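There are 10 protein chains.
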Amino acid sequence: MEFLVRAENRLPPETPEEERSRLKKGERARADELRAAGNLKRLWRVPGRNATIGLYECTDATELHDVLSSLPMFPWMDITVEVVATHPQEQ
Amino acid sequence: MEFLVRAENRLPPETPEEERSRLKKGERARADELRAAGNLKRLWRVPGRNATIGLYECTDATELHDVLSSLPMFPWMDITVEVVATHPQEQ
Amino acid sequence: MEFLVRAENRLPPETPEEERSRLKKGERARADELRAAGNLKRLWRVPGRNATIGLYECTDATELHDVLSSLPMFPWMDITVEVVATHPQEQ
Amino acid sequence: MEFLVRAENRLPPETPEEERSRLKKGERARADELRAAGNLKRLWRVPGRNATIGLYECTDATELHDVLSSLPMFPWMDITVEVVATHPQEQ
Amino acid sequence: MEFLVRAENRLPPETPEEERSRLKKGERARADELRAAGNLKRLWRVPGRNATIGLYECTDATELHDVLSSLPMFPWMDITVEVVATHPQEQ
Amino acid sequence: MEFLVRAENRLPPETPEEERSRLKKGERARADELRAAGNLKRLWRVPGRNATIGLYECTDATELHDVLSSLPMFPWMDITVEVVATHPQEQ
Amino acid sequence: MEFLVRAENRLPPETPEEERSRLKKGERARADELRAAGNLKRLWRVPGRNATIGLYECTDATELHDVLSSLPMFPWMDITVEVVATHPQEQ
Amino acid sequence: MEFLVRAENRLPPETPEEERSRLKKGERARADELRAAGNLKRLWRVPGRNATIGLYECTDATELHDVLSSLPMFPWMDITVEVVATHPQEQ
Amino acid sequence: MEFLVRAENRLPPETPEEERSRLKKGERARADELRAAGNLKRLWRVPGRNATIGLYECTDATELHDVLSSLPMFPWMDITVEVVATHPQEQ
Amino acid sequence: MEFLVRAENRLPPETPEEERSRLKKGERARADELRAAGNLKRLWRVPGRNATIGLYECTDATELHDVLSSLPMFPWMDITVEVVATHPQEQ
Numbered sequence: 300m301e302f303l304v305r306a307e308n309r310l311p312p313e314t315p316e317e318e319r320s321r322l323k324k325g326e327r328a329r330a331d332e333l334r335a336a337g338n339l340k341r342l343w344r345v346p347g348r349n350a351t352i353g354l355y356e357c358t359d360a361t362e363l364h365d366v367l368s369s370l371p372m373f374p375w376m377d378i379t380v381e382v383v384a385t386h387p388q389e390q
Numbered sequence: 300m301e302f303l304v305r306a307e308n309r310l311p312p313e314t315p316e317e318e319r320s321r322l323k324k325g326e327r328a329r330a331d332e333l334r335a336a337g338n339l340k341r342l343w344r345v346p347g348r349n350a351t352i353g354l355y356e357c358t359d360a361t362e363l364h365d366v367l368s369s370l371p372m373f374p375w376m377d378i379t380v381e382v383v384a385t386h387p388q389e390q
Numbered sequence: 300m301e302f303l304v305r306a307e308n309r310l311p312p313e314t315p316e317e318e319r320s321r322l323k324k325g326e327r328a329r330a331d332e333l334r335a336a337g338n339l340k341r342l343w344r345v346p347g348r349n350a351t352i353g354l355y356e357c358t359d360a361t362e363l364h365d366v367l368s369s370l371p372m373f374p375w376m377d378i379t380v381e382v383v384a385t386h387p388q389e390q
Numbered sequence: 300m301e302f303l304v305r306a307e308n309r310l311p312p313e314t315p316e317e318e319r320s321r322l323k324k325g326e327r328a329r330a331d332e333l334r335a336a337g338n339l340k341r342l343w344r345v346p347g348r349n350a351t352i353g354l355y356e357c358t359d360a361t362e363l364h365d366v367l368s369s370l371p372m373f374p375w376m377d378i379t380v381e382v383v384a385t386h387p388q389e390q
Numbered sequence: 300m301e302f303l304v305r306a307e308n309r310l311p312p313e314t315p316e317e318e319r320s321r322l323k324k325g326e327r328a329r330a331d332e333l334r335a336a337g338n339l340k341r342l343w344r345v346p347g348r349n350a351t352i353g354l355y356e357c358t359d360a361t362e363l364h365d366v367l368s369s370l371p372m373f374p375w376m377d378i379t380v381e382v383v384a385t386h387p388q389e390q
Numbered sequence: 300m301e302f303l304v305r306a307e308n309r310l311p312p313e314t315p316e317e318e319r320s321r322l323k324k325g326e327r328a329r330a331d332e333l334r335a336a337g338n339l340k341r342l343w344r345v346p347g348r349n350a351t352i353g354l355y356e357c358t359d360a361t362e363l364h365d366v367l368s369s370l371p372m373f374p375w376m377d378i379t380v381e382v383v384a385t386h387p388q389e390q
Numbered sequence: 300m301e302f303l304v305r306a307e308n309r310l311p312p313e314t315p316e317e318e319r320s321r322l323k324k325g326e327r328a329r330a331d332e333l334r335a336a337g338n339l340k341r342l343w344r345v346p347g348r349n350a351t352i353g354l355y356e357c358t359d360a361t362e363l364h365d366v367l368s369s370l371p372m373f374p375w376m377d378i379t380v381e382v383v384a385t386h387p388q389e390q
Numbered sequence: 300m301e302f303l304v305r306a307e308n309r310l311p312p313e314t315p316e317e318e319r320s321r322l323k324k325g326e327r328a329r330a331d332e333l334r335a336a337g338n339l340k341r342l343w344r345v346p347g348r349n350a351t352i353g354l355y356e357c358t359d360a361t362e363l364h365d366v367l368s369s370l371p372m373f374p375w376m377d378i379t380v381e382v383v384a385t386h387p388q389e390q
Numbered sequence: 300m301e302f303l304v305r306a307e308n309r310l311p312p313e314t315p316e317e318e319r320s321r322l323k324k325g326e327r328a329r330a331d332e333l334r335a336a337g338n339l340k341r342l343w344r345v346p347g348r349n350a351t352i353g354l355y356e357c358t359d360a361t362e363l364h365d366v367l368s369s370l371p372m373f374p375w376m377d378i379t380v381e382v383v384a385t386h387p388q389e390q
Numbered sequence: 300m301e302f303l304v305r306a307e308n309r310l311p312p313e314t315p316e317e318e319r320s321r322l323k324k325g326e327r328a329r330a331d332e333l334r335a336a337g338n339l340k341r342l343w344r345v346p347g348r349n350a351t352i353g354l355y356e357c358t359d360a361t362e363l364h365d366v367l368s369s370l371p372m373f374p375w376m377d378i379t380v381e382v383v384a385t386h387p388q389e390q
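Chains as they are written, first to last, in the numbering used here: chain A, 300 to 390; chain B, 300 to 390; chain C, 300 to 390; chain D, 300 to 390; chain E, 300 to 390; chain F, 300 to 390; chain G, 300 to 390; chain H, 300 to 390; chain I, 300 to 390; chain J, 300 to 390.
A few of these clues could be false.
[Said to hold, decoys possible] As a list, the in silico DSS-like pairs of lysine-lysine whose alpha-carbon atoms are at most 27 Å apart:
id, chain 1, residue 1, chain 2, residue 2
1, B, K340, C, K340
2, D, K340, E, K340
3, A, K340, G, K340
[Stated by the list, open to error] Label-pair distances were calculated between CB atoms; the ranges are:
id, chain 1, residue 1, chain 2, residue 2, range
4, E, E389, F, A328, 26 to 36 Å
5, G, R309, F, P315, 49 to 59 Å
6, A, E313, C, D377, 51 to 61 Å
Since the hints were made in silico from the structure, they are not lab data. As the structure is a prediction and not an experimental result, all values here were calculated from the model. Think of the CB as a built atom: it goes at the ideal place given N, C-alpha and C, for glycine as much as any other residue.
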């Protein structure tokens, strides 16, 4: 089952570069794992914003929450989830 | 997997009583089937509105759409779906 | 009488782990009491957010406020309450 | 238990005067009954709009819906309900 | 002339208990004076929020502003005012 | 007491020219009376819209509603009223 | 370049079945052409709504408009376009 | 003085082709005149919508309203105007 | 050319009294100059808020921005500008 | 391909003058480079706000994001991007 997930990153601009860099590396590593596991199918950048739109595949919303909250940036992210259904044209 | 579903019924007030009554009967019959099938777990009335909030259980969003679009009032309903996850306190 | 209660937890990400953990334990303990008392009937997680949707049963809005403000996280929660009526199909 | 009820009347401007007048008379008569029954405690006009704000007293949201849907104008009204609690200063 | 006044209290959760308590006592004392003066006719609690809805009576909006800004919590309150007219049914 | 009044005119574009012209003439005549009576102090056009912003002076919101509902276009107007207070700098 | 395109279909529920069916067939045929041309990469159903979310690939917004306005349902569709950028993790 | 003008065209999809074509031709002719007069400096299409964004130059808002209301489609257009100032970097 | 300008003052409640008083005095002095120059024609208080609505007269939006940004409180003000046109009834 | 870009500058008013001045100089220098490169075609000031609207030309949204995130003020800017298509009248 697929979900469109919009994530605005609210990490304050004053965050020390070292902390920011550590978080970003962790974020990328975890995202790679989620790609390998088939949970993260696509990731787009929202132009002009520190924000992304991701296409996730999970068995249900509970697994999706576990996936999203496993990201190191999660405490600073403002996330909205939209569940999408398969369109008959694609079946 | 559970979904909270808000449905505003936009059937025009000018709809002839006979048509309205036929639709309502069909709506109730279909809702009873969905209850029996375990898809419709709770249904609330939004006070003061021709609107409901339902708690649905479906395997995924595709089945949910099939369930909702099988309701006779569907063409007049303005529906918004919110997917909910299991809370750790309830596991 | 039932209420759907959406609660966004605005506890700052910088909160020390000890304080956060103490609040969470207190939150769970109080929620268990509210479950035992029949005030908290269901609790869902909003996927991707530090937020919940709860189904509460209280005699009126005044008791509901007492119930919600008794939660240890209350000072950091942004809560919206929606009152729901019994649907004729469920009577 | 008290509710603040905002009602926008969407009766089309093209409605024949006779029909409009019949509905208004019925509306007033029913409102008088609700006042006598203690359900309608105050009614204000929203200035510049065909809209009202009412303070209702009902045992619960289900009774409130019965009260509101008993008004002859109900099919044309766009109603939003806000539940209010007793403030400690007034106890 | 009557006004419906919604006031969200934005006093930060980190405010020391002593300061909070001092402000609350002053708030109550001032509210009692406004009740005695006939300016504050009703006060409701918005359930689940540190917020109130008040029914005020003032000669005009200028007096209303003086009344509201005389409350000790005023600097932390986010207030919206809605002016209401007398409904013909109540004349 | 002054009010800022925004009025969107929703008269359908299909309205016959004769009807439209009759309403406009009546609107202007009534507005002139309100100017003479001191109720309508300024009237602006919202550029690009069939809408106006007016500065009204009335004893209270009840008189304001009588004034606004006396305009021939009233049944087609979507009006929002904002009450304004005297600023200390202008006293 | 990719675009996320949300399309709400506002075709009135009263549309004769024959017309609706003709439009749907044309819609599907045109969508198949757009898939073959590489413009339409994914199509999801918004559950509970007569609405879709599509992932389109076009050289620019002008081509995207030509693509969308070539759909037979276009005159009844309320479309919002969100442009997305490639995320560094996917380069 | 420059204005950014967003115009949504609400001409109903049921409008006969002949009427639509006549309006479009008139619209184009009037736009050409406004371009020649220096009032219409740029015009963009909002992708996926029957809507435009225009950059207009007028002496003031009153002239802008005259310019916009001279367009044959004006009665069906939902227009919002944003006034922009010269940026110091461009002086 | 006239503008309606809404200004919410976001100066934090924790600002020391001395600083606040210095800013207010400067604000008043500058406002008096703008009144004398004919730029500030009216100023209202939004009741219940640390906010004003002003009616400004400037040659264009660039001058308006210079006027507004010359106010000592400008860095803390959240300002929205609405441009208004002369109404034919007032010409 | 053109984009309309709205940027609200959220640099806190408490920022030391030196830091603010350094950022502004850098901002101007980078903007000049973007102008020279043909990416920044127009820049307007939103009157009354520390905000701009820019007309950018980029090959796609990915280049646009690179352009915007190269601005020294980027970490404090709240940016929204609207993609625009060429209007047939301008082809």
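Hint check:
1. B:K340 to C:K340: Within the cut-off at roughly 14 Å; holds.
2. D:K340 to E:K340: 14 Å, holds
3. A:K340 to G:K340: Holds - the C-alpha atoms of K340 of chain G and K340 of chain A are around 14 Å apart, at most 27 Å.
4. E:E389 to F:A328: 26 to 36 Å: Since the Cβ atoms of E389 of chain E and A328 of chain F sit about 31 Å apart, the hinted range of 26 to 36 Å holds.
5. G:R309 to F:P315: 49 to 59 Å: 27 Å, violated
6. A:E313 to C:D377: 51 to 61 Å: 24 Å, violated
Of the numbered hints listed earlier, those contradicted by the structure are 5, 6.
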